[in-house]
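For reference, the chains in residue letters:
2 protein chains.
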Amino acid sequence: MINSTHIASAFDRDLEAIQAMIMKMGGMVEEAIENATEALTEGDTELAASTRLADKEIDALEEKVNEEAARVIALRQPIATDLRTVLTIFRIAAALERVGDYAKNIAKRTEIIYDLSPIEGATLSLKRMSRAVQIMLKDVLDAYIQRDADLALDVRARDAEVDQMYNALFREFLTHMMEDPRNITACMHLHFMAKNIERMGDLVTGISEQVIYLVTGEMPDEDRKKADYTSTARGGVVS
Amino acid sequence: MINSTHIASAFDRDLEAIQAMIMKMGGMVEEAIENATEALTEGDTELAASTRLADKEIDALEEKVNEEAARVIALRQPIATDLRTVLTIFRIAAALERVGDYAKNIAKRTEIIYDLSPIEGATLSLKRMSRAVQIMLKDVLDAYIQRDADLALDVRARDAEVDQMYNALFREFLTHMMEDPRNITACMHLHFMAKNIERMGDLVTGISEQVIYLVTGEMPDEDRKKADYTSTARGGVVS
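Same order as they appear, the protein sequences are chains E and F.
Numbering-wise, the first sequence is residues 1 to 239 according to the UniProt record's numbering.
Numbering-wise, the second sequence is residues 1 to 239 according to the UniProt record's numbering.
Check the hints yourself; a few may be wrong.
For identical chains, the list gives no copy identity; a pair is met inside one copy or between any two copies.
Listed below are the simulated BS3-like cross-link pairs for lysine-lysine, each with C-alpha atoms no more than 27 Å apart in a straight line [as the list claims (entries may be wrong)]: (1) K127 x K64; (2) K24 x K138; (3) K24 x K127.
Please keep in mind that the hints were generated in silico from the structure rather than gathered at the bench.
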């Protein structure tokens, strides 16, 4: 290695500082998911509004993470594995920012539908789904900080459950819409929320793959079965 | 400046090579939008399938762009404006990759709905919308390569038209669904396609903002009116 111990440890210190920012960002995103979901299930439009506003802080933190990571690249000139470790930071920060965006979108839609006729059971199903994603996010952040590839693989496997919950909801919403046209507008919004949560799961899965890559040097195989069939099948209604 | 002319020009040569890759990637994404749209309007499931497969090449090119950009950072140690220019590359490549993903998703859904009862006029409206986004993409790539902030501003302004087309389609689909429940499944898919195109427009707008930032050193104001009201209003149907 060209790097002296002195330079390597300066790099490690910088890296730790950025990782701390990633963890903070992750915590804010977890909270955004929790608040968006609570606002939805409780019909709490004030909480929805504050969740929407809090997303600006997440975006600002992503900017800061990117700037710091760029500064470290310029200053420490990492190569090989070290460079990949820094580049992973850009990806994880970008994924977290997008999860935050989806939480914001759920909050926005909550503000719209709160006084539409409620769809029986729908918000509770959404809550269960969003809770699953929130735990996946918490675990993948632990996996990242502890460089725990097994935990990351476990998180990745759990995305299939989220996809299944989404499939079930997709069918449920179609049924409600067909039964009573007055449900259509609310169901369209609820369905978008379900899709948002499903995409959050995909993004968390992407983070888990970055963690696996960081630890093992290889991306995991594409053997994870993609269980969102609604864009490749007809949601079990027509077929 | 610390950089000697020699080093600066080596950096410029590297940058040009990566920009050529971005342009190639952009061309592939333009083609993906065109093919996905043609597959939809012509009911051409073979073209849909090949569009879906072609997305892998776009993803691979993004990887290559990222690796090259990282290599340039490590090798040339750009600072200040030069560093920002390279970081912009990561963002533009990521945005293009996501536009490609949306085109792939449209192709996937085309394969599902091709034999469902057609919704009058819907595919033509989608074609008009996707054509608008495709031209925006072509123009923003020109703006990028020519560092033309005015053209980038123009592209950004045009996104409002795409948002308006989406709003009109959203209302149209709701109406079709309410009129006849047999339209619901097809409309759900067509609506997702419309939303995908609307998001492509947002991503192209994001690229235009990166170009403006590159040229002027400042991000444009948030005065661009967000004209997708469907997540903040009820699509004109309930309200």
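Results of checking the hints against the structure:
no. : hint       : in the structure
1   : K127 x K64 : neither (31 Å within a copy, 39 Å between copies)
2   : K24 x K138 : within (12 Å within a copy, 38 Å between copies)
3   : K24 x K127 : within (23 Å within a copy, 43 Å between copies)
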